[in-house]
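> These are the residues of each chain, in order.
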Amino acid sequence: MKRTIFALSILVVLSLVLSACTPTQAPATQAPTEAVTQAPTEAPTEAPTEVATEAPVDANSLPRNETLYFNGQQWNAVVCWNPYSSNCNNAMALAQQDNARVPMFETPYLYNMLDGKQYPLLADGDYAWDEGMTQITFKIKPAAHWSDGTPVTAEDVAYTWASHIKYNTQFGASNKDYIDTIEAVDPQTVVVKAKLGADGKAVNPLLVQAYLSTNYVIQKAWTETLEARTGGDAAAFMADVAEDVVYSGPYHKFFSDDQKVVLIRDDNYWGQDASMFGKLPTPKYLAHVIYKDNAAGSVALAQGEVDVSQQFNSNIQVLWLNYGLPISTYLPEAPYGIGASLPTAFFNKNSYGLDQVAVRKAIAMAVDFDTIIANAMTNQSATFTQVPRSLMNPTPGEQALYDHDAVKDLQFAGKDIAGANKLLDEAGIVDTDGDGWREYNGQKLTYVATCPNGWSDWQAAIEVVAAAGKGIGIDITTNYPDWGVYQTVVTNWPLPETGYDIFMMWSDGAGPTQPWGRIRHLISSEFAETTNNWNGNWGGYINPEADALIQAIPTMTDEAELKAAYTELVKIYLTDIPSFTLMYRPQSFHAVNESVWTGFPHEGDGTNPPVPPLDLTDGWSIAGLYNLVLVNP
Amino acid sequence: MKGYRKYFLNKLIWLLVTAVFAFILNFTLPRLMPGDPVAAIVARLAQGMSSSTGMKEVYEQYAELFGTNQPLLTQFFIYVRNMLQGNFGTSFSQYPRPVADILRTSLPWTIALQFPAIIVGWVIGNMLGALAAYLKKGFDKVLMPISIFVSNFPPFGMAVILMVLLGVNLKWFPTSGGYGFDLMPSFTWNFIWSVITHYQLPFWSIVIIAIGGQAIGMRSMSIYELNADYVKYSRFMGIKDRKIVGYVFRNAMLPQITGLALALGTMVGGALIAEIVFSYPGLGYTLLNAIMGKDYPLISAVTLIITIMVLLATFIIELLYGLIDPRIKAAQSD
Numbered sequence: 073m074k075r076t077i078f079a080l081s082i083l084v085v086l087s088l089v090l091s092a093c094t095p096t097q098a099p100a101t102q103a104p105t106e107a108v109t110q111a112p113t114e115a116p117t118e119a120p121t122e123v124a125t126e127a128p129v130d131a132n133s134l135p136r137n138e139t140l141y142f143n144g145q146q147w148n149a150v151v152c153w154n155p156y157s158s159n160c161n162n163a164m165a166l167a168q169q170d171n172a173r174v175p176m177f178e179t180p181y182l183y184n185m186l187d188g189k190q191y192p193l194l195a196d197g198d199y200a201w202d203e204g205m206t207q208i209t210f211k212i213k214p215a216a217h218w219s220d221g222t223p224v225t226a227e228d229v230a231y232t233w234a235s236h237i238k239y240n241t242q243f244g245a246s247n248k249d250y251i252d253t254i255e256a257v258d259p260q261t262v263v264v265k266a267k268l269g270a271d272g273k274a275v276n277p278l279l280v281q282a283y284l285s286t287n288y289v290i291q292k293a294w295t296e297t298l299e300a301r302t303g304g305d306a307a308a309f310m311a312d313v314a315e316d317v318v319y320s321g322p323y324h325k326f327f328s329d330d331q332k333v334v335l336i337r338d339d340n341y342w343g344q345d346a347s348m349f350g351k352l353p354t355p356k357y358l359a360h361v362i363y364k365d366n367a368a369g370s371v372a373l374a375q376g377e378v379d380v381s382q383q384f385n386s387n388i389q390v391l392w393l394n395y396g397l398p399i400s401t402y403l404p405e406a407p408y409g410i411g412a413s414l415p416t417a418f419f420n421k422n423s424y425g426l427d428q429v430a431v432r433k434a435i436a437m438a439v440d441f442d443t444i445i446a447n448a449m450t451n452q453s454a455t456f457t458q459v460p461r462s463l464m465n466p467t468p469g470e471q472a473l474y475d476h477d478a479v480k481d482l483q484f485a486g487k488d489i490a491g492a493n494k495l496l497d498e499a500g501i502v503d504t505d506g507d508g509w510r511e512y513n514g515q516k517l518t519y520v521a522t523c524p525n526g527w528s529d530w531q532a533a534i535e536v537v538a539a540a541g542k543g544i545g546i547d548i549t550t551n552y553p554d555w556g557v558y559q560t561v562v563t564n565w566p567l568p569e570t571g572y573d574i575f576m577m578w579s580d581g582a583g584p585t586q587p588w589g590r591i592r593h594l595i596s597s598e599f600a601e602t603t604n605n606w607n608g609n610w611g612g613y614i615n616p617e618a619d620a621l622i623q624a625i626p627t628m629t630d631e632a633e634l635k636a637a638y639t640e641l642v643k644i645y646l647t648d649i650p651s652f653t654l655m656y657r658p659q660s661f662h663a664v665n666e667s668v669w670t671g672f673p674h675e676g677d678g679t680n681p682p683v684p685p686l687d688l689t690d691g692w693s694i695a696g697l698y699n700l701v702l703v704n705p
Numbered sequence: 379m380k381g382y383r384k385y386f387l388n389k390l391i392w393l394l395v396t397a398v399f400a401f402i403l404n405f406t407l408p409r410l411m412p413g414d415p416v417a418a419i420v421a422r423l424a425q426g427m428s429s430s431t432g433m434k435e436v437y438e439q440y441a442e443l444f445g446t447n448q449p450l451l452t453q454f455f456i457y458v459r460n461m462l463q464g465n466f467g468t469s470f471s472q473y474p475r476p477v478a479d480i481l482r483t484s485l486p487w488t489i490a491l492q493f494p495a496i497i498v499g500w501v502i503g504n505m506l507g508a509l510a511a512y513l514k515k516g517f518d519k520v521l522m523p524i525s526i527f528v529s530n531f532p533p534f535g536m537a538v539i540l541m542v543l544l545g546v547n548l549k550w551f552p553t554s555g556g557y558g559f560d561l562m563p564s565f566t567w568n569f570i571w572s573v574i575t576h577y578q579l580p581f582w583s584i585v586i587i588a589i590g591g592q593a594i595g596m597r598s599m600s601i602y603e604l605n606a607d608y609v610k611y612s613r614f615m616g617i618k619d620r621k622i623v624g625y626v627f628r629n630a631m632l633p634q635i636t637g638l639a640l641a642l643g644t645m646v647g648g649a650l651i652a653e654i655v656f657s658y659p660g661l662g663y664t665l666l667n668a669i670m671g672k673d674y675p676l677i678s679a680v681t682l683i684i685t686i687m688v689l690l691a692t693f694i695i696e697l698l699y700g701l702i703d704p705r706i707k708a709a710q711s712d
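These protein sequence lines map, in sequence, to chains S and Z. All residue numbers for the first sequence refer to this note's numbering, where the first residue is 73 and numbers rise by one. All residue numbers for the second sequence refer to this note's numbering, where the first residue is 379 and numbers rise by one.
Everything labelled a hint here was simulated from the structure, so no lab data went into it. Treat the hints with care, as some may be off.
[Claimed, not checked] Not the full set, but computed from the structure, chain Z residues with beta-carbon under 10 Å of chain S: (1) 439; (2) 445; (3) 538; (4) 549; (5) 619; (6) 621; (7) 622; (8) 625; (9) 658; (10) 667; (11) 670.
[As the list claims (entries may be wrong)] Taking lysine-lysine and the BS3-like style, the derived pairs with C-alpha atoms no more than 30 Å apart in a straight line are: (12) Z/515 x S/248; (13) Z/549 x S/267; (14) Z/434 x S/273; (15) S/238 x Z/434; (16) S/542 x S/516.
[To be verified] Derived contacts from chain S toward chain Z, CB cut-off under 10 Å, selection only: (17) 136; (18) 139; (19) 141; (20) 161; (21) 240; (22) 299.
Since we're looking at a predicted model, the values are computed, not measured. Quick reminder that beta carbons are idealized off the backbone N, C-alpha and C, glycines included.
Here chain Z stands alone, though its shape is the one from the complex (with noise of 0.2 Å):
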């Protein structure tokens, strides 16, 4: 235990380094991107202006406001502070919305989207994978080539493909929104099952392409541990093959349970592609827009969000390994 101490502590030290130096990153990167975010939200206003002095003062007004007028350093200390008082500032392209309501309205809509997504893309990937190693043969001939099209699909085409057969061709679902777009937000059954059917589309176009990628690295894995030589000895002793299979699927799900880990660390970034084929509400849209318009709070905030997920997931994930890796366990002891 005292080795596993020893890894636990090595392990926080980084995740604290790393964590600083992500948030310098996360506050420097997107101020370095060439643009003027100020100059963006004076275009927006630009329409009707005739006087060249008023958009000097309208634009002077908003460099002020925001402060991009001040040294990259003094803007440092400033996005410090707000970050230390939980204040993600006030979003640029959004004026004056906060960042936190942006976050607040988006994230519920981008998790209930993804984590599912990920996980039922996953676990089915995984299974139709090991399924594959296993059993071989015509299962294994079939189910390769659809995994390898289907993962290579580019996510738009499966979307606009579901989108035209299903929503537009077939009208089994509809074809855009979060919700009915008669219909308000509202705890009544015919809201819920609006919400339930619009979700239907941008679900699947997220999962069917993860399976296809998760079967085909679950298949190889499955297969290398199949053959390996412990795989062989353990035949050779009689072990019963439902035991083997055990062993088999432990090891090979090891990196698949990393893949995971930074899926899940990512999924606050949004899955932009069914958001905007669907115009389904979500936070992959919105820093799209934020990247466009140079909206340095709101960048840097789901950046922030997104770098502490995947931090904590693999520390977590590291922590586990080492409790569940036989050769963590055994680096640990030397």
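Just chain S, with the same shape it has in the complex (with noise of 0.2 Å):
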């Protein structure tokens, strides 16, 4: 009787563990065929059905054929709707950034990643400089009406950046040295003035452009409502929720708690007009629920119920390879996605030895970067042999201005332990006392690579420049604090002299400024040395020559003289080594799943200009949005 027990004791235990193993063996067999019978057989007798009969009746829940499911940006509840706050957490309908998010706020113009170009959006046609290149005047669209009706006016474009400055916004501070006014001609015509320096020119006209496509017009008449109400406290007027908020793009608030937020389509919108997109973009609703980690999120998209992610799928193609779902990414192989931002590895120039630039040269070589691409990345990235390393984000616009074959000799792919060695070997810097690692000057070289704990690509990818110290004698170890200690130490000059010897952070991505803005932030001594520096070139590196550039850059038109600019910037760049990319990142991971709706932003899709892979919200993006058409109607 005893053995009979213990007999069927452990069958119990060994089927529930047998019950855990099989999530990696079930969705291989069994997801494929069911996806594919699934996907095409369901839909079109369920989705007919549930819009002619339960839609109508019940009113609280969204028809599946008429909503468009996000995941990826919005991970906690909305705080509030307020344009002039940076803080709102919305992330569906607030991002003023390079390629501002514009379902309910509108830029006048809209930037395109793909062609690095400005698309009028409120504004109609394209903005001018005058002569001296000191102010930029463009008009408003006659057909751009507020959602109360009411028309956009150039008033409140000026009102706009008035109101910013006012109340000391983010969006002021951070665009006032550089702009000076923003008046109101007439109804229509807008002029931006920028701010002159002691030459007379504009201290810098690329970013003067580029507020443009990355700040809302705001309604000069709410503005003065919530004024009213906020009696003029800077602090009150950011804080305020802004439930009546209006607003001039073609979705607005329709419901959101801590667990989704969904917004609706205005039939009113005046982009329907000719003049714009001369219709109504396809889904009646934008929806986002709110997951609280990718991996629920990646659930989620494999389910069906998320059509755009915007979050990171970890190896993303299995979900179409395995298991035959119909997901896709931009790309159809391997990086699946355009890279746009560099995420970089900084060397503190206070740690011993790192102000030899043999020695950053050498670990940089050594880092494997394909491991980092394959494991960080799971191949969401393009490699530095397919894309030699410079300040350039992949994106084709950006490739084109430098001259690669000057800087050929200087683009290091990694992994190269021999030419790493050889270059210690060469500066002096050897193993003196035999123990194994190398010393400068009798002083061991040891250090401390890291990153913030739980961002596993990025610690992923730390681990692997770690380890590229073994093979050239040294010493790197890895440590990942609290994001909380992290970003307090690393921006916040002096660095200490241990601990954050090699350290992670990120880089600018695609932008009207780019790449000037992200070579400034990478390399500018502006930021060298600062506290609270949110910006870059948190290593600390000073190069009045690359300086210099920077500076000279945004007043220039003569493309020669650019491109020779620029390839000079990756030349200091790549001999200095004051921060290595570690991998190319997606402006926004972008994989869409099929099953309800099509018509998404693939390259080659034949739109033009061409349709971003940004989640049919950011930027030109938002054009994808017209593109849309169901599955099964």
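Relying on the hints, combine the two individually framed chains into one complex.
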């Protein structure tokens, strides 16, 4: 009896263990058949009946075939709808950035990261600089109107800027060094006057024109209502939840709680005028369920509960290759998306030995970048053989901005242990005491490579960086502090002499000021050795030659001159190695599930201008919302 | 009864003293964490900021707003004043959202998930444990290894297994959220049913593990009691088995009740794992984010609630012990 019971209990335990293993096996066999058969058969039978019967009866559910579901943008409950606030945690509606998010509020122009151009939205036609490049003039489209039916005017643009300055909003604070005033010449004409330097030239024309596609136009009348409500108190002005806000975009708030945010289409949207899109965007609702981590979001994408996924889905290709799901990315093969930003490892120039270029370069050369790209990014990044390193992102526009041949000899692709060892030997940095580690002036070279704890892709990358040390006789260990500590340390000079020797931070992505903005943030001494530094150059690199070029580029108009300047900057960067790029990261991850909607942006989809893979809400990518069609109408 | 009054007053004084210290620690400990909450907020705003002077201004603006640039003692008095007015303040990480609003939306989900899960896990676990001790033989031999296995299972693993098996593969239950991804909260059958189905996986992922742990504890306590002298003596006296089991169960339950009280006291901390795996609404994940973002007001509010609940739960348990536990009864009369 005892034996039987023992055997029985073993069986029960085993069955539990085996059931724990099923996830890895089951999907491989079940999912493909289910997905392939389900997608085409279920949707047509279910969707129409749902719409016909349920939608009118149950106003509390969103008809699947009228709703486009997102993930990866909203991670917590929405706090407010105030376009003057930069703290609304309202990712679906508010993001005034390089590729501004425009479903609810609109910018004069839309930036398209694929061709680097700014296309008119609220603006009528292209903007024009005056001869001395001191001011920009543009017009507002006559058809553009607010959600309350009143026209969008130049006065709204001017008042928005004046309010940013008056209340010192983040958007005012970040632009007031470059923009002097924004004025309404007449109801349709806006003049943006640049801040001028001592030489009478604009301090930075690039940032002035970038304002036009990064910052919303907010209604003057509503702003005055807000001012009256908050009595001129700046904190209250920016903390207002703004449930009554007037907007000009095609969508507005329908519902939001701790679990989802839903925007509903405004069928009176001005953009259906022939002067803009000529029709309304296809989905009636834009919904974003709040998932608590990437894993939950990935499951929802695979289940067909998400149409557009902006989060990092590890090994995304498995979803269509192994499970046969109707999921795709912008590019059909690795790297699956367009790299835009350059996650970077910075060298702390205060760390012993890291002031030596040979040490910095040897470490960077020895790193196995292919492994980083395979592990940390699951190949969702171009390799450095495909896109040789520079200061540019992999977009064709930026790649064309420097002379590839001129810097060819400096572009290392990684895992060059022999080259790195040779470099160190030649610099006289050798192992003098025979312990296997090199010394510089008699002191052993030992470093800590670090990034925030829990940032798994960064941690995977930092592990590979540390591993590179072994092959070249430099002792590199890893440490992962909490983000709260990490950010406080790296953004406030001086960096500690140990513990933060090689550390990871980000770089700018694609935008109207790029690649200039990225280069400035990576190497300009403007940010070196500063506190509260959220801009860049965290390692404290100073090079007057680079500074001069960075200062000159915004006013350059001659393409050859521009290319020469960018080439020189790349040369300086790859020679001095104050930091080095670890991978290319997309502006937004972009995977789509086409079981309900199709017509999403894909490479070579024939759209002109091309719709970038940016959520169908950011910059010119909103044009993609007009191309969607139902799989089973 | 005089002894009990003294016992009651004694416990009450200790409760108040503990509460005062806990209150001070609630304020102090989060602020001793390394890192700067305002830097975390500025980090969020950093994207698109091109002017370094502008960045500094924004930083100073928020430091002023949240009072983090004030001395700690001044911050403490502001905190005490606010608390006395029942004002938990404004969250840093979800500014300008009031902490009270965050608690109002998260707490009901947390309590609705945790309270039944703790009670069900406790009741089933204790029943199984007592049965295993009493019935022994086959039942015990099967139950014990399963209980040990299940109670030592990482909660994360259990949640993922349930999700993959019952949610993804069998499609019996939805995999994420507190209600359907295509629904809006309403008092309709459709919505209520959706809430019920979404409840199942997070609920059972907590209950199954709790059952195992409780069963092991109860089994050990019951076996200990079954071998106690009073049981043997009762048997010699010819007292009926049913009556003896009653004695045994009551004595074995005492430590389990303490465990239950503490579990109920800390339940507002949230079921973090279940919340993350199933993207289930609740306070656990909010608290985790608050800790990561050094959101002092939110951390202090949640820990204060936990402190008060634990203190009250232990206070009530101690009062009940004074009435039901013969050993404590005896001590009072000394």
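> Hint by hint, note whether the structure agrees.
Hints versus structure:
no. : hint          : verdict
1   : 439           : 7 Å, holds
2   : 445           : 12 Å, violated
3   : 538           : 7 Å, holds
4   : 549           : 9 Å, holds
5   : 619           : 23 Å, violated
6   : 621           : 30 Å, violated
7   : 622           : 26 Å, violated
8   : 625           : 29 Å, violated
9   : 658           : 8 Å, holds
10  : 667           : 7 Å, holds
11  : 670           : 6 Å, holds
12  : Z/515 x S/248 : 81 Å, violated
13  : Z/549 x S/267 : 61 Å, violated
14  : Z/434 x S/273 : 26 Å, holds
15  : S/238 x Z/434 : 17 Å, holds
16  : S/542 x S/516 : 13 Å, holds
17  : 136           : 6 Å, holds
18  : 139           : 7 Å, holds
19  : 141           : 7 Å, holds
20  : 161           : 6 Å, holds
21  : 240           : 6 Å, holds
22  : 299           : 17 Å, violated
Of the hints listed earlier, those the structure fails to meet are numbers 2, 5, 6, 7, 8, 12, 13, 22, in rising order.
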